[in-house]
Amino acid sequence: MKISSTLAEFSRIHNIADTMFALDIKNSKLPLGFSKVNKASERELILSSSLTAIKYSVTSRKRWARKDPNTEISLSSEYHVWDYNDWPKFKFSPNDDLLKFGYEKKVSVEIPCMINPNWVGRFYLMIDNSRHIEPQALTKLYKDLSNIHYMIIQSNIDDINPFLDYGLIKESDIAILSMLANGHSRESIAKASYLSSRGVDYRIVQLKKKLCASNHSSLINSAYHNFLIK
Amino acid sequence: MKTIIDRNLCTLSKEFGANSCLVYICLNAPKDYNINRSMTGEAIGLIVSSNHNAVNTFKTQQTNKGDLQEDRIKLGSRRSVDHDNSFTAIYNESLAIDIVLLFAPKLKAKFVFYSKEPFTRDLSANIELINAKLLQAVMSINNSHKLIRQSLMSMGLFNCKTVDIITLVSDGYSREEVAAKLNLSVSGVDYYIEIAKLSFEANTLSELVYRASKYGLLRVSLEEGDKHEN
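Note that the protein sequences, when read in sequence, are chains A and B.
For the first sequence, the numbering used here gives the first residue as 1, with consecutive numbering after it.
For the second sequence, the numbering used here gives the first residue as 1, with consecutive numbering after it.
Bound conformation, chain A alone (with noise of 0.2 Å):
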């Protein structure tokens, strides 16, 4: 399936010049000291339903993630529009560049997951007129959105892991859990990816640091659930 025309079908349905999807991580599932905000401009795994959303998405991240307010605010609730009012007047401002391409206004959308209670699905709805979005537009529009989220969610569970895009989660570490879940000792996986056993101890605390576990059960529980071992 080609999600970009998909995304592009629901932004023609619903009068929106363009759609951007990603899989997040609850907040409340998330180690301390890790900020999303930080990491949102390394994202790769932003799926847009257009070129120019793309390239809007790359160039607004990379210069306004970490300063605009918004960022933060969109990260956390489920309905939020990007709002610039309280910009200083004369400065550059994040809107300046929405509008360079073309858009007028930017609205996050965040569908709850029920493969996965810990994730959500965040769409971000580019506008470029300034129509608002009417409240009984809205059911048809979250409905839809939800639909959508489990069509990419079916199709490309594997890529689209929030875990790895954030960096939170590194290849090896996918190795190491995966031996754990299939009942190798400590010593065969310290052999097994070039580490000492102590090594690959500290490996499994911060595993289970990121991945909010106690034990080893918990911790195999857990990166089961986000898909990070099959």
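None of these hints come from the bench; they were simulated from the model.
Please read these numbers as outputs of a predicted model, since none were measured by experiment.
There may be inaccurate statements among the hints.
Taking lysine to aspartate or glutamate and the DMTMM-like style, the derived pairs with C-alpha atoms no more than 25 Å apart in a straight line are [as the list claims (entries may be wrong)]:
no., chain 1, residue 1, chain 2, residue 2
1, A, K100, A, E9
2, A, K230, B, D171
3, A, K55, A, D159
4, A, K36, A, D97
5, A, K26, B, D171
6, A, K91, A, E72
7, A, K2, B, D98
8, B, K197, A, E187
9, B, K106, A, D158
10, A, K230, B, D98
11, B, K108, B, E15
12, B, K133, A, D158
13, A, K105, A, E44
14, A, K230, B, E128
15, B, K133, A, E9
16, A, K39, A, E72
17, A, K67, A, E104
18, A, K209, B, D171
19, A, K62, A, E78
20, A, K210, B, E177
21, B, K110, A, D158
22, B, K108, B, E93
23, B, K108, A, D158
24, A, K105, A, D144
25, A, K209, A, E42
26, A, K230, B, E201
27, A, K143, B, D98
28, B, K133, A, D144
29, B, K197, B, D171
30, A, K208, B, D164
31, A, K191, A, E171
32, B, K14, A, D144
33, A, K143, B, D6
Put chain B on the given structure of chain A with help from the hints.
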């Protein structure tokens, strides 16, 4: 074979242009049926349906066809209900769709739709959207009726106590805490874990948790308020 009537399925069947529908969980690979010797041999544990007529039709179909495992319904394939002298069909057409459960690769959900008139809509045209909708439906049914857990229990695959213990352990409780919670001794908990390891062919606790998650068993426990009932 237990039955639950869920009115929410009526809306779903209307969306597909059908009169009624039902859903059940079954195992992907027939050899997994041998995991526990005490298995009762029932291939279907629990059916959730929109009304009784659908269940009756389904049961008659099953007895007519004989062995369920030989029944390989391809995704979206269409066939008509066998007319038999022993039963007069209320529905003329049936449509079966398999849904892959992303978090439980050992299981699949089967939807069966019944209609008096032939299915006019070309359902294969947008198979991704249909899958997404059905996935949402089966997830919400699972949340409200604990479909997976109940199905596997009444298939006789797993012992209730074993599942409870693995669930608690994978939630991060220690063996002592599990023992206190379930009014068992620590060695009693160990006994159940050893039994479970044998039936899942796992060597370590991590491996056991991993194998059990593949059946979607630990999933249900992630939600609050789902503590130990039979």
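Okay, the hints, checked on the actual structure:
{"no.": "1", "hint": "K100(A) to E9(A)", "in the structure": "holds, 23 Å"}
{"no.": "2", "hint": "K230(A) to D171(B)", "in the structure": "holds, 19 Å"}
{"no.": "3", "hint": "K55(A) to D159(A)", "in the structure": "holds, 21 Å"}
{"no.": "4", "hint": "K36(A) to D97(A)", "in the structure": "holds, 22 Å"}
{"no.": "5", "hint": "K26(A) to D171(B)", "in the structure": "holds, 18 Å"}
{"no.": "6", "hint": "K91(A) to E72(A)", "in the structure": "holds, 21 Å"}
{"no.": "7", "hint": "K2(A) to D98(B)", "in the structure": "holds, 22 Å"}
{"no.": "8", "hint": "K197(B) to E187(A)", "in the structure": "holds, 21 Å"}
{"no.": "9", "hint": "K106(B) to D158(A)", "in the structure": "holds, 17 Å"}
{"no.": "10", "hint": "K230(A) to D98(B)", "in the structure": "holds, 20 Å"}
{"no.": "11", "hint": "K108(B) to E15(B)", "in the structure": "holds, 22 Å"}
{"no.": "12", "hint": "K133(B) to D158(A)", "in the structure": "holds, 20 Å"}
{"no.": "13", "hint": "K105(A) to E44(A)", "in the structure": "holds, 23 Å"}
{"no.": "14", "hint": "K230(A) to E128(B)", "in the structure": "holds, 22 Å"}
{"no.": "15", "hint": "K133(B) to E9(A)", "in the structure": "holds, 18 Å"}
{"no.": "16", "hint": "K39(A) to E72(A)", "in the structure": "holds, 11 Å"}
{"no.": "17", "hint": "K67(A) to E104(A)", "in the structure": "holds, 20 Å"}
{"no.": "18", "hint": "K209(A) to D171(B)", "in the structure": "holds, 14 Å"}
{"no.": "19", "hint": "K62(A) to E78(A)", "in the structure": "holds, 23 Å"}
{"no.": "20", "hint": "K210(A) to E177(B)", "in the structure": "holds, 23 Å"}
{"no.": "21", "hint": "K110(B) to D158(A)", "in the structure": "holds, 23 Å"}
{"no.": "22", "hint": "K108(B) to E93(B)", "in the structure": "holds, 22 Å"}
{"no.": "23", "hint": "K108(B) to D158(A)", "in the structure": "holds, 19 Å"}
{"no.": "24", "hint": "K105(A) to D144(A)", "in the structure": "holds, 20 Å"}
{"no.": "25", "hint": "K209(A) to E42(A)", "in the structure": "holds, 22 Å"}
{"no.": "26", "hint": "K230(A) to E201(B)", "in the structure": "holds, 17 Å"}
{"no.": "27", "hint": "K143(A) to D98(B)", "in the structure": "holds, 22 Å"}
{"no.": "28", "hint": "K133(B) to D144(A)", "in the structure": "holds, 10 Å"}
{"no.": "29", "hint": "K197(B) to D171(B)", "in the structure": "holds, 18 Å"}
{"no.": "30", "hint": "K208(A) to D164(B)", "in the structure": "holds, 22 Å"}
{"no.": "31", "hint": "K191(A) to E171(A)", "in the structure": "holds, 17 Å"}
{"no.": "32", "hint": "K14(B) to D144(A)", "in the structure": "holds, 18 Å"}
{"no.": "33", "hint": "K143(A) to D6(B)", "in the structure": "holds, 21 Å"}
The structure shown violates none of the earlier numbered hints.
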